[in-house]
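S.K.: Chains A and F, in that order, are what the protein sequence lines are.
Residues in the first sequence are numbered from 1 upward in steps of one, following the working numbering.
Residues in the second sequence are numbered from 1001 upward in steps of one, following the working numbering.
Keep in mind that the hints are not guaranteed to be accurate.
[Claimed, not checked] Heads up, simulated DSSO-like pairs for lysine-lysine below, C-alpha to C-alpha not over 27 Å straight-line: (1) K1052(F) - K165(A); (2) K1339(F) - K1355(F); (3) K1323(F) - K165(A); (4) K1323(F) - K1052(F); (5) K240(A) - K206(A); (6) K1628(F) - K1593(F); (7) K1323(F) - K1343(F); (8) K1436(F) - K1490(F); (9) K165(A) - K1311(F); (10) K1150(F) - K2(A); (11) K1052(F) - K2(A); (12) K2(A) - K1145(F); (13) K165(A) - K1315(F); (14) K1121(F) - K1634(F); (15) K1145(F) - K206(A).
None of these hints come from the bench; they were simulated from the model.
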Amino acid sequence: MKSFRGEPSIVAEARPDDKRADLELRDIVLKFGGITALNRINLKVDTGELSAVIGPNGAGKTSLLNCITGYYKPQKGSIVFNGRDVTGLSTHELTVIGIGRTFQNIELFAGMSVLSNMLLARNLHCRYNLAHACLFSRSVRREEVRHRRILEELIDFLEMQAIRKELVGSLPYGMRKRVELGRALALEPKILILDEPLAGMTLEEKEDMVRFLVELNHAWHQTMILVEHDMSIVMGISQKIAVLDFGVKIAEGAPEDIRNHPEVIKAYLGQASGA
Amino acid sequence: MNEALRDKRAAGYLSGARSRKPAHSFAGLTLPQVLFKQAAALGRDHIAIRQKAYGIWQALNWEDYLRFVRQTALGLWSLGLRRGDNLALVVDNEPEWLFSELGAQCLGAVSVNLFTSAVAKEILHGIDRINARYVIVQDQEQADKLLENKDQLPGVERVVYMDPTGMRHCSQSPWLISFAQLLQAGEVVDREEPDLFEKLLRQGKSSDTAVMIMTSGTTGLPKMVMLSHDNFAAMATQWMASNPIKTGDNWISISPPAWIVDQMWGVGITIFSGMVMNFPETAATVTEDFREIGPHIIITSSRFWEDLASKIRVKISDAGPIKRGFYNLAQKIGEAVIKKEEKGLALSVPQKALKSLAYWTVSRPLLDRIGCLQFRTALTGGHPISPDVIRFFRINGLNLKQCYGMTEACGIFQVQPDGQVKPETVGTSLPGALVKINPDQEVLVSGPSIFQGYYENPEATAEALEDGWLHTGDAGYIDDAGHLVILGRKQDIMRTRDGEPFAPDFIETRLKFDPYIKEAVIWGEGQPYVSAFINIDFENVGLWAEERQIPYTTYLDLSRQPAVAELICKRVQRTNQALPEAMRLAKILLLYKLLDADDEELTRTGKVRRKFVAQRYQELIDALYGDKTELAVKGKVHYRDGTIGTIETTLQILSLT
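Please build the complete structure, drawing on both the sequences and the hints.
M.R.: So this is what it looks like as structure tokens:
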């Protein structure tokens, strides 16, 4: 079917500008009372990159993500997205300019179907107003069909055909994570931020998820920041890795550099050898 | 055995040798030539192929169908596929499968379908057997099987993949091209040489080999059955003459393309009759898609019906008391009706009223739920089915009939006629097919649909084909009404030490009707009594255990629970009572793992490979005929990635007497 029906419209109809995602964090400082969660963090992500943020428990990974997505406001420093200073913008404003995310602990509506959950994300792209919707005019119908088509393409991509009408609450954990990724993609974000997408999954579910992430990056040219615990997987799929430890960036670079970085080994294994 | 029967057998009694219909306008044409004519006749007004994609049924009309076959054919031509070549297909049920198969036939090439569930070794072997220079694969998973073993495939020049997902990293390799590229290449050739396709198409002769199908190989290495276009035409003629098949009727493609059923219907009969070929969205959505399409006719393995029956029973037992009450009442009415109908008696007026009440309140909604409401014909074949399953569906108003066929005969040639459904028979022959019984009880068949022979295997061909009669290898007899009764594989008929004959298949199918028993393998050749290996049904026994708050972890653990052993013993004893004295089981054991095709214990179509199982578990069989009540075993399990695991456990030998 795929060989003669062409590429999904979500890929085929994307203009180059839709995919532009240059993110830069400059000297970010985040404090909770006396605790410095993030200390002068610099990070740069270019269009088309799959970069990862790793680090031991409590290193500040999720705090960093929450700064980027507007949940926390850093006390110092600035965040620049596509040349615009977006520091201090609220979460919904950031979503509009193209920053989408998934959560470490799944945040879906358990009593709604997979489709409804994903449709919610399309609200951002709705062009009609309440009056139009009440009349259900032809243009509204056309737009609704387009939204559904994009969702179906995502469902097809994420292999969720068999569960599209199921209630999210009845799905196994790994599937719910997949639905959450689907909902984030339905936003058509320029940059997608994934908070531990593989945590708590079985090996098979992990393999599926990694397959999707790699394909998203390679074929759909989706820019992504990945926060993840599973070192071996991160090393295998990301192009650039930043390592945090106690709120400080201790290393940054290609996977092979990170693997042998003395600071990283120390952070992960403790002070064991040499010191 | 009565006198008349013996006479009939001695005379080589021919059943159902009705006169053939006059050859219709498609006689002497190849399958693509028929498609060409159908595309002209049915054109854009009729749907040829439907596939559910992006949540809706997407249709192709007959002109589209021909156009894609044309592009695929010319694309394969541009790669270098020529008359006499073989093409290997490792694909699932998707339209591209039809395009590839018919496209190859346009060029005079022959395609062979391999199972997508097969491990790399099996696929390499298949490709090697037919010296295929080109392989069309489904997706990354299948392509990887070839890529990882590229050094063992020196003869393969190109691999075409259908689904581009995950293939981007391979796009630089000239060894691999996408199906979309193949279609584009075909379009280019068509623009440069517009007459080429028609020229190639005309060169095809109906006596050419159309496809080759691997036999399931219950008895050893698979053989390649060569079927000609004439075979397909004969099969289509037989079916269209004896069944009400209309243009636009629905066929749903759910059995693997490597199997004869979807070749004979999906490729053959749908093209001849103008039926619609429907492809489900994914394997996981078949139940839902099946219901949406509501096929008009279905032929599927007995396992499909057995699974469906046990699913319905489990669901009903989970339902509320009101629903259950209605259901049980309808079953009682249905049973009474069936009993009367089987005897050929007329129903009384109140009975008729009850029957229609049961139909409208229970059976009809039930059939609608499982997508079986539109059936004109529902057939089961491939393996003997328990009469209880047939009765179960007939009680619920589904006209489920048994049929009998062989890959070597291009499909089904024996079907139960309407109104004469007897549970133990497989019915009468379709017009055109001749059936007789050899003195040694073997069933022979002849007719225009009999295959051309096995590929590069003249010895096997000579063994199977004698003067145009195909030796089926099944033992059977023809009953008083002229219906064929199959006892089982000829070489599988066993005798106990006292010389009592028993058909293992016969017992196994009855055991398997029990919702708690997934698979059974019967032993007893030359032994004092009959015994069996049992695979419990993990899902249903698991539910049973949960209800009783019996904790378990894995299949192995569940099968070792004393309560489960007790349950299965009780169930087997119940089946025992319905069996003739000589066939009753004396001892059983519950296997510690499910029999699996990856361990070579089942064929890919799900039949038990008795010899392999016997070899692997000889120790266990010995134990069934010893005095031990317990046995320590160490078993091997093959995983799909090639690794081998071991299981260590203690087995209970369960005595039923």
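S.K.: A separate judgement is required for each hint: does it hold in the structure or not?
M.R.: Verification of the supplied hints:
1. K1052(F) - K165(A): At roughly 15 Å apart (the allowed maximum being 27 Å), K165(A) and K1052(F) satisfy the hint.
2. K1339(F) - K1355(F): At roughly 13 Å apart (the allowed maximum being 27 Å), K1355(F) and K1339(F) satisfy the hint.
3. K1323(F) - K165(A): holds, 25 Å
4. K1323(F) - K1052(F): Outside the cut-off at roughly 33 Å; violated.
5. K240(A) - K206(A): holds, 20 Å
6. K1628(F) - K1593(F): holds, 21 Å
7. K1323(F) - K1343(F): violated, 31 Å
8. K1436(F) - K1490(F): holds, 15 Å
9. K165(A) - K1311(F): Distance ~21 Å between K165(A) and K1311(F) Cα, so the pair holds.
10. K1150(F) - K2(A): holds, 25 Å
11. K1052(F) - K2(A): holds, 12 Å
12. K2(A) - K1145(F): Roughly 21 Å separates the two Cα atoms, so the pair holds.
13. K165(A) - K1315(F): holds, 20 Å
14. K1121(F) - K1634(F): Cα-Cα ~25 Å, so holds.
15. K1145(F) - K206(A): Holds: K1145(F) and K206(A) sit about 21 Å apart, inside 27 Å.
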